[in-house]
Amino acid sequence: MVRLRGAAVLAAAALALSACGSGGDSGTPSPAGTEPRVLKLWHYETADSAMGKAWAEAIKKFEASHPNVTVKFEEKGFEQIQKTASMVLNSDEAPDIMEYNKGNATAGLLSKQGLLADLSEEAAKRGWDKLLPGGLQTTAKYDDRGVMGSGKWFGVPNYGEFVMVYYNKDLFEKHKVEVPATFEEFTAALDTFVKAGVTPIANAGAEYPAQQIFYQLALTKAQKPWLEAFQSYKGKVDFRGPEFTYGADTFADWVKKGYIAKNSAGLKAEDMGVAFMNGKFPIMISGSWWYGRFASEIKNFEWGHFLFPGATMSPGSSGNLWVVPEKSENKDLAYDFIDITMSKEIQNLLGNSGGVPVAADPAAITDAKSKELIESFNKLTSADGLAFYPDWPAPGYYDVMVAGVQELINGSKTSAEVLDGLAGPYEDNLADLGN
Amino acid sequence: MRVRTRGYWLYLIPSILLFLAVIVVPFLMNVGASFTRWSGVGTPRWIGFDNYTRLLTDERFWESFQHNVGLIVAMAVVPTMIGLVLAASLFDYIGKRFGTRTASALRAMYYLPQVLPVAVAGVVWGWMLHPSYGAVNQIFGLDLDWLGDPDLALATVMGVMVWFQLGYPVVIFMAGLQRVDPSYYEAAEIDGASWWRKFWHITIPQIRPEIFVVLLTCTIAALKVFGPIFVLTRGGPGNATMVPSYFSYLNFFQKSNVGYGSAIATVLALIIVVVTFLFLRVQERES
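As you go down the protein sequences, you meet chains A and B in turn.
Residue 435, in UniProt numbering, is where the first sequence stops; the numbers in between run on with no holes.
Residue 287, in UniProt numbering, is where the second sequence stops; the numbers in between run on with no holes.
Be aware that a few hints might be false.
[Claimed, not checked] Listed next, the in silico DSS-like pairs over lysine-lysine satisfying Cα-Cα at most 30 Å (straight line):
(1) A:379 with A:130
(2) A:256 with A:195
(3) B:224 with A:83
(4) B:224 with A:268
(5) A:262 with A:174
(6) A:379 with A:60
(7) B:224 with A:76
(8) A:299 with A:268
(9) A:224 with A:299
(10) A:413 with B:224
(11) A:413 with A:280
(12) A:280 with A:61
[Said to hold, decoys possible] Just a few of them, taken from the derived set where beta-carbon distance is under 7 Å, the chain B residues facing chain A:
(13) 41
(14) 131
(15) 135
(16) 138
(17) 150
(18) 182
(19) 184
(20) 239
Note that these hints are calculated values from the structure, not bench results.
In this text, a Cβ means the ideal position worked out from N, Cα and C, and glycines have one as well.
Modelling step: build the complete structure from the supplied sequences, incorporating the hints.
Structure below.
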């Protein structure tokens, strides 16, 4: 029965991937004339990450198919682009193509400011719209208010990402803990570790991890309309309602029970990842962006992952976007480059390097760990379970979330006070929407 | 005489142009932006004093100024006090007993944190203060979350800033001590004055101008402190270490709320100008 179900999941994954991959190689890049030209490209993926490897190969492939074009690649920092994008894109120093964070407060804001080229025509002409399943298109399209989900294409994502539960198989075995299938089994497992004197969940309150755990807990009580209200403003969000209240109360409770360390408020994501890689924690709840690194760096124990038990939705979305600045003078080249990143060759490389491709050839994903990851992603997307991230709804909300969750970790404010603190900036942004 | 003075005005033109281009115009543009609602791109919308009235009721802004008071203590008051004692000890005791080279070497060591890029110093302190593997907890056998506990975070940042700032007053005060007439000390010694009495009645009054300069520049540095907060705590946990310059930065770059960010920056600049003016007035009166 288990084998049958496994086979069904694999078949579904294969179908999803083959459906995605049908048009990847259809658009042969045009050589774009014979005059020497330069394509200025910025992205912020590290060279050893799955995306970094795939984009490096894409650049080689692009230069081979465009002999008259030189790619001038500049590696930027995530924060560097995040903080200065609107000013850079409004200047003459803008690149021709750039990786950018997706969501209302980021790509949505730039599209609203008229800084990004409308990619709708290219998406239809080159078949990008067919390569990306509906859920992954959400972050590619933005309306006039900069709200994602509808309107014109302003970016093209070509990988996926989601939050999962990483676990240390050796520590699970040592403490005789089974992989939990339900939320109750999960908390029972956490109790077992606490009783054995082990803090089970690696955490980092000064950056995104803690807020994603809080959001994941809220998602266990959330339904789709709530999500659409929160992320796409399609209804009123009650911050004192059952979803966020459960998220905040349970998070605070987890700290009290010792599931999450009380001294984790000031820690950064890197601290959390390194602690997990050093085998100090049996569990880490975080995103697929760690997957490739864990695969190459964890040598001392076996590890695996599972989707958060008891929730049909998890934080996640398409990956970051390729955006083409409105001021780019080489838009045609930028579109050709995006096309290459969607090709099977690049997508397969991405998949075999620990990333989540959207248009790979299932048969070409030979790495066992990569297959497991892609299966989980397909399981989540087939249930329409990508719930985006808690800091997306408003510009600057990331810091608001960090501050709020730190207060939960420290117990310096009650859950209700923290939720009021989260509601204020959200409501302010709603009042500003479209201005 | 008047004709000759008029001729010198020509030499002032480059400085005046530079001052206008680098200081006055950007400042006026910032003030102008503070009266608008603007995301940094597109056309700003004039909203009058709305950003300023919003500031008046913004608890986070006023809370951030309270943290500034703590940082003035850590960056100006405490380093000045410790720096005075250290400089006098190096000058009077170490220099005379172990030689000026030893005193100079020690002075350079105190100054070392000032030479380090703040990002490097911040990252290293972040490691040392790490609640799990940090050297500070290990050495003292403690289990404190130095930068993550809201009751400790500001005090911890203050401690790091004392370390960071200390070398500056030491160097300035030692330079000041070089110009004090040794006959004052010789006369005091003949009269049998203790080290403390010489320090109190000769050293401090003689290097008062240096003390003013150090207090003024360090107070300004404390009011506009950004780098250490960015590297160590990013204003957290919660808002426990938020300061106005970081709050302004958040509005500028995180929220694309350039108008409000400009209003914060304008108020901060005005406060710094007022503080400087008051310092200079007091110094003028003293001299």
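Just pull the numbers of the violated hints for me, sorted ascending.
Hints 6, 9, 12, 15, 16, 18 and 19 contradicted; others consistent.
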